[in-house]
Amino acid sequence: NAGVTQTPKFQVLKTGQSMTLQCAQDMNHEYMSWYRQDPGMGLRLIHYSVGAGITDQGEVPNGYNVSRSTTEDFPLRLLSAAPSQTSVYFCASSYSSGQGSYTFGSGTRLTVV
Amino acid sequence: AQSVTQPDIHITVSEGASLELRCNYSYGATPYLFWYVQSPGQGLQLLLKYFSGDTLVQGIKGFEAEFKRSQSSFNLRKPSVHWSDAAEYFCAVGALAAGNKLTFGGGTRVLVKP
Chain S
-17 NAGVTQTPKF
-7 QVLKTGQSMT
3 LQCAQDMNHE
13 YMSWYRQDPG
23 MGLRLIHYSV
33 GAGITDQGEV
43 PNGYNVSRST
53 TEDFPLRLLS
63 AAPSQTSVYF
73 CASSYSSGQG
83 SYTFGSGTRL
93 TVV
Chain G
500 AQSVTQPDIH
510 ITVSEGASLE
520 LRCNYSYGAT
530 PYLFWYVQSP
540 GQGLQLLLKY
550 FSGDTLVQGI
560 KGFEAEFKRS
570 QSSFNLRKPS
580 VHWSDAAEYF
590 CAVGALAAGN
600 KLTFGGGTRV
610 LVKP
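Protein sequence lines, in the order shown, are assigned to chains S and G.
Quick note: this note's numbering has the first sequence finishing at residue 95, numbered continuously throughout.
Quick note: this note's numbering has the second sequence finishing at residue 613, numbered continuously throughout.
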């Protein structure tokens, strides 16, 4: 089925560990983004990409890295996990002409202990 | 910088009653506005969007929203709610000139009483 696939769905990390959240889309969307969702704060943009090889920072980029080597994949790396990074992470994609009509993945729930 | 405020954190409504969710935005230019819905454990689904033209926008699942520039508002309405409308609703404003970046409000959780 066409859409945005995120893995894993759940993850528990210890403080200081690193990991990569995977995101893949099969709709040939140019734009991809990572958001984190925290209670009462809505979704906040971490990083985004407007095409392969091009990434930029969002509102809350500290502690995260991204790369976009292909149109399909947009992994999010946590360099040294901290309890403040406990959150639900969503990947989203859209056409460049999509005017904000993003397709969202089902999310990754991350707990850092 | 743009911002979105959803004043109501929780709303409880009886099944069959009408629903209105409030959204106020701040943006320096003509806004692109969206409402998304999130069911428990799911990602977000686009309900409707406003770019220009008619200020009353129709969406999926019987929802509509009205853009009022003078009030900087984009409120979401449904005439008669169904139990399946219980979810969290997010208003968002888009910065389309900068990679389609969306700024979300804090969300409103809707509970539906039988």
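Calculated directly from the structure, the hints in this document are not laboratory data.
Any given hint could turn out to be false.
Said to hold, decoys possible - DSS-like, lysine-lysine: derived pairs with alpha carbons at most 30 Å apart:
(1) 612(G) x 560(G)
(2) 560(G) x -9(S)
(3) 560(G) x 548(G)
(4) 612(G) x 548(G)
(5) 548(G) x 567(G)
(6) -9(S) x 567(G)
Violating hint indices (sorted, rising): Those not satisfied come down to hint 6.
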